[in-house]
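Colleague: The primary structure of each chain is shown beneath.
Protein chains: 2
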Amino acid sequence: MDYFSSDFKLGILGGGQLGKMLLYETRKYDIFTRVMDPGEDAPCRIACNEFVKGDLMDFDAVYRFGKKVDVLTFEIENVNVSALERLEKEGVKVYPSPATLKTIQNKAKQKLFYVDHNIPTAPFTRFAYTSEILTSLKNESIRFPFVWKSAQFGYDGRGVKVIRTYSDLDDLPNVECITEEMIPFKNELAVIVCRSTEGQVTTYPVVEMEFHPTANQVEYVVCPARIDAKVAEKAQLVALRVSEAYKHVGLLAVEMFQTQNNDILVNEVAPRPHNSGHYSIEASYTNQFEQHLRAILGLPLGSTTSKVGGIMVNLTGEEGYTGKVKYRNMEDIMKLDGVTPHIYGKKETRPFRKMGHVTIVNKDIDKAREIAEKVKNTIKVVS
Amino acid sequence: MDYFSSDFKLGILGGGQLGKMLLYETRKYDIFTRVMDPGEDAPCRIACNEFVKGDLMDFDAVYRFGKKVDVLTFEIENVNVSALERLEKEGVKVYPSPATLKTIQNKAKQKLFYVDHNIPTAPFTRFAYTSEILTSLKNESIRFPFVWKSAQFGYDGRGVKVIRTYSDLDDLPNVECITEEMIPFKNELAVIVCRSTEGQVTTYPVVEMEFHPTANQVEYVVCPARIDAKVAEKAQLVALRVSEAYKHVGLLAVEMFQTQNNDILVNEVAPRPHNSGHYSIEASYTNQFEQHLRAILGLPLGSTTSKVGGIMVNLTGEEGYTGKVKYRNMEDIMKLDGVTPHIYGKKETRPFRKMGHVTIVNKDIDKAREIAEKVKNTIKVVS
Numbered sequence: 001m002d003y004f005s006s007d008f009k010l011g012i013l014g015g016g017q018l019g020k021m022l023l024y025e026t027r028k029y030d031i032f033t034r035v036m037d038p039g040e041d042a043p044c045r046i047a048c049n050e051f052v053k054g055d056l057m058d059f060d061a062v063y064r065f066g067k068k069v070d071v072l073t074f075e076i077e078n079v080n081v082s083a084l085e086r087l088e089k090e091g092v093k094v095y096p097s098p099a100t101l102k103t104i105q106n107k108a109k110q111k112l113f114y115v116d117h118n119i120p121t122a123p124f125t126r127f128a129y130t131s132e133i134l135t136s137l138k139n140e141s142i143r144f145p146f147v148w149k150s151a152q153f154g155y156d157g158r159g160v161k162v163i164r165t166y167s168d169l170d171d172l173p174n175v176e177c178i179t180e181e182m183i184p185f186k187n188e189l190a191v192i193v194c195r196s197t198e199g200q201v202t203t204y205p206v207v208e209m210e211f212h213p214t215a216n217q218v219e220y221v222v223c224p225a226r227i228d229a230k231v232a233e234k235a236q237l238v239a240l241r242v243s244e245a246y247k248h249v250g251l252l253a254v255e256m257f258q259t260q261n262n263d264i265l266v267n268e269v270a271p272r273p274h275n276s277g278h279y280s281i282e283a284s285y286t287n288q289f290e291q292h293l294r295a296i297l298g299l300p301l302g303s304t305t306s307k308v309g310g311i312m313v314n315l316t317g318e319e320g321y322t323g324k325v326k327y328r329n330m331e332d333i334m335k336l337d338g339v340t341p342h343i344y345g346k347k348e349t350r351p352f353r354k355m356g357h358v359t360i361v362n363k364d365i366d367k368a369r370e371i372a373e374k375v376k377n378t379i380k381v382v383s
Numbered sequence: 001m002d003y004f005s006s007d008f009k010l011g012i013l014g015g016g017q018l019g020k021m022l023l024y025e026t027r028k029y030d031i032f033t034r035v036m037d038p039g040e041d042a043p044c045r046i047a048c049n050e051f052v053k054g055d056l057m058d059f060d061a062v063y064r065f066g067k068k069v070d071v072l073t074f075e076i077e078n079v080n081v082s083a084l085e086r087l088e089k090e091g092v093k094v095y096p097s098p099a100t101l102k103t104i105q106n107k108a109k110q111k112l113f114y115v116d117h118n119i120p121t122a123p124f125t126r127f128a129y130t131s132e133i134l135t136s137l138k139n140e141s142i143r144f145p146f147v148w149k150s151a152q153f154g155y156d157g158r159g160v161k162v163i164r165t166y167s168d169l170d171d172l173p174n175v176e177c178i179t180e181e182m183i184p185f186k187n188e189l190a191v192i193v194c195r196s197t198e199g200q201v202t203t204y205p206v207v208e209m210e211f212h213p214t215a216n217q218v219e220y221v222v223c224p225a226r227i228d229a230k231v232a233e234k235a236q237l238v239a240l241r242v243s244e245a246y247k248h249v250g251l252l253a254v255e256m257f258q259t260q261n262n263d264i265l266v267n268e269v270a271p272r273p274h275n276s277g278h279y280s281i282e283a284s285y286t287n288q289f290e291q292h293l294r295a296i297l298g299l300p301l302g303s304t305t306s307k308v309g310g311i312m313v314n315l316t317g318e319e320g321y322t323g324k325v326k327y328r329n330m331e332d333i334m335k336l337d338g339v340t341p342h343i344y345g346k347k348e349t350r351p352f353r354k355m356g357h358v359t360i361v362n363k364d365i366d367k368a369r370e371i372a373e374k375v376k377n378t379i380k381v382v383s
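Chains H and F supply the protein sequences, listed in that same order. Note that UniProt numbering has the first sequence beginning at 1, numbered continuously upward. Note that UniProt numbering has the second sequence beginning at 1, numbered continuously upward.
These aren't lab readings, by the way, just hints derived from the structure by calculation. Backbone N, C-alpha and C fix where the C-beta goes; we use that ideal spot for every residue, glycine too. You may find that some hints are simply not true.
[Stated by the list, open to error] DSSO-like, lysine-lysine: derived pairs with alpha carbons at most 27 Å apart: (1) H:Lys247 - H:Lys67; (2) F:Lys324 - H:Lys68; (3) H:Lys326 - F:Lys9; (4) F:Lys53 - H:Lys9; (5) F:Lys335 - H:Lys247; (6) F:Lys68 - H:Lys324; (7) F:Lys363 - H:Lys367; (8) F:Lys324 - H:Lys9; (9) H:Lys234 - H:Lys247; (10) H:Lys347 - F:Lys68; (11) H:Lys376 - H:Lys326; (12) H:Lys363 - F:Lys367; (13) H:Lys354 - H:Lys326; (14) F:Lys93 - H:Lys326; (15) H:Lys326 - F:Lys67.
[Said to hold, decoys possible] The calculated label-pair distances, taken between Cβ atoms and stated as ranges, are: (16) H:Gly91 - F:Lys326: 20 to 28 Å; (17) F:Asn329 - H:Phe153: 38 to 46 Å; (18) F:Val382 - H:Gly91: 23 to 31 Å; (19) H:Asp228 - F:Pro213: 50 to 58 Å; (20) F:Asn329 - H:Val201: 17 to 25 Å; (21) H:Glu50 - F:Glu132: 49 to 57 Å; (22) H:Arg64 - F:Lys53: 30 to 38 Å; (23) H:Arg64 - F:Lys68: 32 to 40 Å; (24) F:Lys68 - H:Ser383: 22 to 30 Å; (25) F:Glu319 - H:Glu50: 29 to 37 Å.
Let the sequences and hints guide you as you build the complete structure.
Modeller: Take a look at the structure:
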């Protein structure tokens, strides 16, 4: 199959920052792309060959879009799976497959999947409705504190909440959900596994994630994780087992907990380019977006090793600012060594909205971490 | 000045591969761009915010285009300078300046500029018309062999020819030109200097260029150049002197000869992102396109050091093939370590046309050179 400067068409569902960064790679290879997103000025609007405004959860919109491409992928899980299944039946190559997506989209199903495949994960209880949690609390089958997760459409901290008292339950939506035991973990780790249509598999190094205390968003991603080599190896093996179980095509980001006694528990997965892999644009021989593209097109996968240490800082909207975005002190961070800002192109900021990220690369990871701290404390996303 | 996700407008004259790679950076920063190019499907057409089809040598077209931007730059020297001068007078920031461009556009003027500034360059003679060369040959003021260069619009080997006999002169255009003594050189080297509107100056490492024997196009660019440290230092200093003399803003690529007795002679310069700097996308902390952008916007310049060794192989159309392009054996080169193909997106190939390039990065530059050789011998641009 000719992909380069040819008539081949790649479809991408979702036109956000992940799609935008994927488009850098399709442009590099001169691969024709069609993108669908509901947003009039989605970050992907520019740099794709054709942009279609459409509802990603609407069967007809997704189906009509998919019929006009040779390979279909997505940058967000919240898409109409029935349409993907229909397209797959009708011969459109959909990667990752609707089957994979279905299991991952629903967090309750995802947890059951781990149990079925003997993949270590935090103990949990499944509820058809949030209101049923009260009964389980009363008969003490679950205890405070615990983590509440809505089964559907959890994203960027929405749909996840730590519950310490009855009152914390009040403002939760009454939906299908799970409750998870709070794991007293040493570290949150992630490994991105990539699997091509040809069955070739590569894993990226283990990264270490530092979360924002209140917003439940990643603040720093550090590659390589500053952990014991044995623990890193264990995390890699667990990630590979998860990947093997899903038999996905393309990227699978596996988020894990390192417990106090160095066990690895799978937290959740994402079948797409992932925030924990953004550092790879500057640090890796092959970045995650190019790797995903290679994988779904059946091209040879590239090297996932790092040229240098990399740290990623998320740029999120400051609390107390909503409206037309301004990036304060950009010039100050650009003076620092090995600093690359990525501005996603969202015109409006709001508290904790992901507006961009900054990558800090350095041969010395501790030096990179120092600079990352400076970046974090200097740049402000305001309005 | 706010550049990021703001109303600021950057204008780029020329929509070829250099502009295309510059647009990766404007997208990364979410900077609004307008591009003008005569080609209906120029590589820049996608990924800029506004595309204008227009003749770059036409005063009105360039003037009208320039009036609608805050900062104007170009990716090709062959643009209407009078229009740039008018725009500059009327307050549009034009980088590099029309004054710089004027001296560089005309190779005869360029050579005289070096003489005026005591910058070492190959001995040359200037002719108003090619036909006048015959007289100088007869009265032996010049001798075979020599290099003929048209004063205007030399690009990609067009406008340059080695002259060994009278008959070599036959098919040359009768235009303003220079003849240059053939320099028996050890190496062709290049140094890219960057100078910001704030006067900050950085230089990239010295690279070594290997030319195609007949097509007079670069085949390999090797960074760092495998030469004596003293010679490299000398090349850096000469490049800085050239940059200091031009007082340009943005990138200045300085091509030089290393003579048999290790003198450095300036061959020619280009005031824009340059083929000899493409390796920097994968190998450098800050690639040349991002650096140019930082420079013309007055942002702090980034580090020009390399993460790893880098080699660039030009992808040019095979002899004997003209028409709809096909890239043969792409998958084979993508199997090799640290190989990144860049496909410019030109739909039609013809002999020696620049269709793309491939970067090979490796911690060991000799290993990279081996792989580059494989790449060169494997991939074929055909129709």
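Colleague: Which hints, by number, does the structure contradict?
Modeller: No numbers; nothing is violated.
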